[in-house]
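Model the full structure from these sequences, guided by the hints.
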Amino acid sequence: MTPAPWFKTALARSLKAGYGRADFLADLAAGPLVGVVALPLSIGLAIASGVSPEQGLYTAIIGGVIVLLLGGSRTQVAGPAGAFVGICSAAVITHGYVGLALATLMTGVMLLALAAPRLGKTIGYIPYPVVIGFTTGIALIIGSTQIDSALGIADPTPAIPDFIGRLKHAFVGLHEIKGGSIAVAGGTLGIIIGLRKLSLRIPGALIAVLLGTIIVTLLSVPDSSVQTIGSKFKEISASFRLTDWSSSLPDRAA
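Quick note: to get the numbering used here, add 883 to the position in the sequence shown (first position is 1).
Rather than coming from a laboratory, the hints here were simulated on the basis of the structure.
A virtual CB, placed ideally from N, CA and C, is assigned to each residue, including glycine.
Hints are supplied without guarantee of correctness; some may be wrong.
[Claimed, not checked] Derived CB-CB ranges, DEER-like:
| no. | residue 1 | residue 2 | range |
| --- | --- | --- | --- |
| 1 | LEU1002 | ALA964 | 15 to 25 Å |
| 2 | VAL1104 | ARG957 | 40 to 50 Å |
| 3 | LYS899 | PHE1046 | 27 to 37 Å |
| 4 | LEU1101 | LEU908 | 30 to 40 Å |
| 5 | LEU1002 | SER897 | 18 to 28 Å |
| 6 | ALA999 | LYS899 | 16 to 26 Å |
| 7 | LYS1080 | GLY1113 | 26 to 36 Å |
[Stated by the list, open to error] Derived pair list, reagent style DMTMM-like, types lysine to aspartate or glutamate, alpha-carbon separation capped at 25 Å:
| no. | residue 1 | residue 2 |
| --- | --- | --- |
| 8 | LYS899 | ASP910 |
| 9 | LYS1115 | ASP1038 |
| 10 | LYS1080 | GLU1059 |
In structure tokens, the structure reads:
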């Protein structure tokens, strides 16, 4: 008897089981919906992590293709996770983008090493209070990175890595607050919370972003009042280039 393979991708299993017209139409309907939600999210989390919007955009696209080819579940969705914002932000501030890229590769190797003996099941033994504490801490970290933008305060230079430091910077810069930024931030939160109470099936975050963008555009709100990706990061580059970080590997690894 031929032994069963240790791992077979979901794509290979699906093709072997038969992938018909109905499957294609279902994926055709689901794919754009996932993309519409994931791509703006990737840009937002990239900015919160301290990197450029296009880096988050390219990462989401490339990661989605890799998961498509090598993923183990037919219903798996690849995308950025808010839980990593604090870690990524600290890595960028301390070691730069090169250090973040190296940390990502090292993390991938560690995950493969843990997957070989199937240690992923042990995650179920983590106590619920620990999970709640972890997610609450992540929410506070992400929120602290967005206080300046929500109030219209200029970002600190260099970036501040710790939670208390961000709060102090926001407090010192209260004289810079702008009503337009506060209105957009408050309206966005209100829409998200309100739609979530109506139904969890409604993509509140996506609707809030679209409405905010439309309102700011129609009212011709100046960049001095409400920052946009265009005013803060200029235009997103249409070209793609790999970062040359090979010479920095020994220093970053150490």
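Quick rundown of the hints versus the structure:
1. Taken as a hint, the range 15 to 25 Å holds for the pair LEU1002 and ALA964, whose Cβ atoms sit roughly 20 Å apart.
2. At about 44 Å, the beta-carbon gap between VAL1104 and ARG957 stays in the expected band of 40 to 50 Å.
3. Between LYS899 and PHE1046 the beta carbons are some 49 Å apart, a value that contradicts the proposed interval 27 to 37 Å.
4. Distance hint check for LEU1101 and LEU908: the Cβ-Cβ separation is about 36 Å, which falls inside the suggested range of 30 to 40 Å.
5. Between LEU1002 and SER897 the beta carbons are some 27 Å apart, a value that agrees with the proposed interval 18 to 28 Å.
6. Under the hint 16 to 26 Å, the C-beta atoms of ALA999 and LYS899, about 24 Å apart, fit the expected range.
7. At about 33 Å, the CB distance of LYS1080 to GLY1113 agrees with the hint of 26 to 36 Å.
8. Taking the CA atoms of LYS899 and ASP910, the gap is about 17 Å. The hint holds against a cut of 25 Å.
9. Note on LYS1115 and ASP1038: the hinted pairing holds, with a Cα-Cα distance of about 10 Å set against a maximum of 25 Å.
10. Note on LYS1080 and GLU1059: the hinted pairing is violated, with a Cα-Cα distance of about 34 Å set against a maximum of 25 Å.
In the structure shown, a violation is registered for the earlier hints numbered 3 and 10, in ascending order.
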